[in-house]
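A.B. asks: Below are the chains, spelled out letter by letter.
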Amino acid sequence: MVLDFRTLYQDLPRNMEQFLDEMWHPLHLSQRRQAYPPVNIVENEGDITIYAIVPGVEQEDIDLSFSENSLVIKGERKPEQGRYFRQERPSGPFQRIINFNIRVDQNQTKAKLKDGLLTIVLPKVEESRRQQIKVEKE
Amino acid sequence: MSAMRETQERSLPRVHPAADIVQRDDSYYIVLDMPGVRKDDLDVSVDKDVLTVAAETKYPDIQNRKQWENEFGNVYFVRKFTLSDAVDRDGIKAGMKNGVVTLHLPRAERVQPKKIEIESG
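Protein chains in written order, with the numbering used here: chain A, 32 to 169; chain B, 46 to 166.
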């Protein structure tokens, strides 16, 4: 064996700290959820922005499509070539469906991939934007 | 590393990135998932037998925005590996693409398999 993992144990006090941290930190609990890829979704004035973590996935291996008012993120993580000594990184196809309760402009949706982070910007259709209603004086 | 940076890193959760170790063409490769890390922020060092890979993520800030879903946040990735003599320490190279770090660890010359001739006596 070319590498050994004694360092995992040497690092124990820090791991312990991390472990305790994870127990108390709600963010970590949500990170353990099953759905892949993990996403952050925010609503802005004019759009919905989705951030998804997809490390190691090439642009051409990501497939984004709409199914009614849902966005389908599909992709595949390819395994490394060679003889494995250790395998922790999951590989294979994945799919996640994101539902919207407001209408988004499917034709104007844009996506980009950088540093393993997929950013998808879905503009709201005009009727979904907040309308300011004028109160008229009598 | 400055004291300032040290403090910042402590405030982020420390996470061990998932790693694969494979052998290919007489070299070893350590592959780590480190999404959200910029190439310039990646810190790879070898101190005696210990190889350390560390970096913090730089995800866009969503703190003050209306959040529908929040499943990940910025972290400080750090992982250490102990190298055996089979690795040529001076030849280690690191690369980064699509949020994945690949470390190339060439095998040290002297541990390449060597056939010993048996002389007939």
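For the record, the hints were derived by calculation from the structure and aren't laboratory data.
Fair warning: there could be bad hints in the mix.
As the list claims (entries may be wrong) - Residues from chain B that keep clear of chain A, each with C-beta distances beyond 12 Å, as calculated:
#	residue
1	Asp70
2	Val82
3	Asp88
4	Val89
5	Pro105
6	Lys138
7	Ala139
8	Lys160
9	Glu164
10	Ser165
What the hints assert, rightly or not - Footprint (simulated), chain B over chain A, 3 or more residues, beta carbon under 8 Å:
#	segment
11	113-119
12	134-143
We treat Cβ as the ideally placed atom computed from N, Cα and C, and that holds for glycine.
A.B. asks: Looking at Asp88 of chain B again, its CB stays over 12 Å from all of chain A?
C.D. replies: Correct as stated: the minimum Cβ-Cβ distance to chain A is 15 Å, above 12 Å.
A.B. asks: With 12 Å as the threshold, tell me whether Val89 of chain B passes as away from chain A on beta-carbon distances.
C.D. replies: Given a closest Cβ separation of 15 Å, the condition holds.
A.B. asks: Taking the closest pair, is the beta carbon of Asp70 of chain B still more than 12 Å from chain A?
C.D. replies: At about 8 Å from chain A, Asp70 of chain B fails to clear the 12 Å cut-off, so the statement is violated.
A.B. asks: May I ask you to check that Ser165 of chain B keeps its beta-carbon over 12 Å from the closest beta-carbon of chain A?
C.D. replies: It holds; Ser165 of chain B is separated from chain A by about 35 Å at its closest Cβ, greater than 12 Å.
A.B. asks: Tell me whether the statement that chain B covers the segment 134-143 of chain A is true, taking a Cβ distance below 8 Å and needing three residues at minimum.
C.D. replies: As far as the segment 134-143 of chain A goes, the hint is violated, because 0 residues have Cβ atoms under 8 Å from chain B.
A.B. asks: When you look at the beta carbon of Ala139 of chain B, is every beta carbon of chain A farther off than 12 Å?
C.D. replies: Answer for Ala139 of chain B: holds, closest chain A Cβ roughly 15 Å.
A.B. asks: Going by Cβ atoms, does Lys138 of chain B stay more than 12 Å from chain A at every point?
C.D. replies: holds (16 Å)
A.B. asks: Determine whether the non-interface label on Glu164 of chain B survives the test: each CB of chain A must be over 12 Å from its CB.
C.D. replies: Its Cβ never comes within 12 Å of chain A, the nearest being 32 Å, so this holds.
A.B. asks: Does the no-contact call for Pro105 of chain B survive, Cβ to all of chain A over 12 Å?
C.D. replies: Nearest chain A Cβ is 7 Å from Pro105 of chain B, so the label is violated.
A.B. asks: Does Lys160 of chain B sit more than 12 Å from chain A, CB to CB?
C.D. replies: holds (21 Å)
A.B. asks: Checking the smallest CB distance to chain A, is Val82 of chain B really beyond 12 Å?
C.D. replies: violated (6 Å)
A.B. asks: Test coverage of the segment 113-119 of chain A by chain B using CB-CB distances below 8 Å; three residues minimum.
C.D. replies: holds (count 7)
Of the hints listed earlier, those the structure fails to meet are numbers 1, 2, 5 and 12, in rising order.
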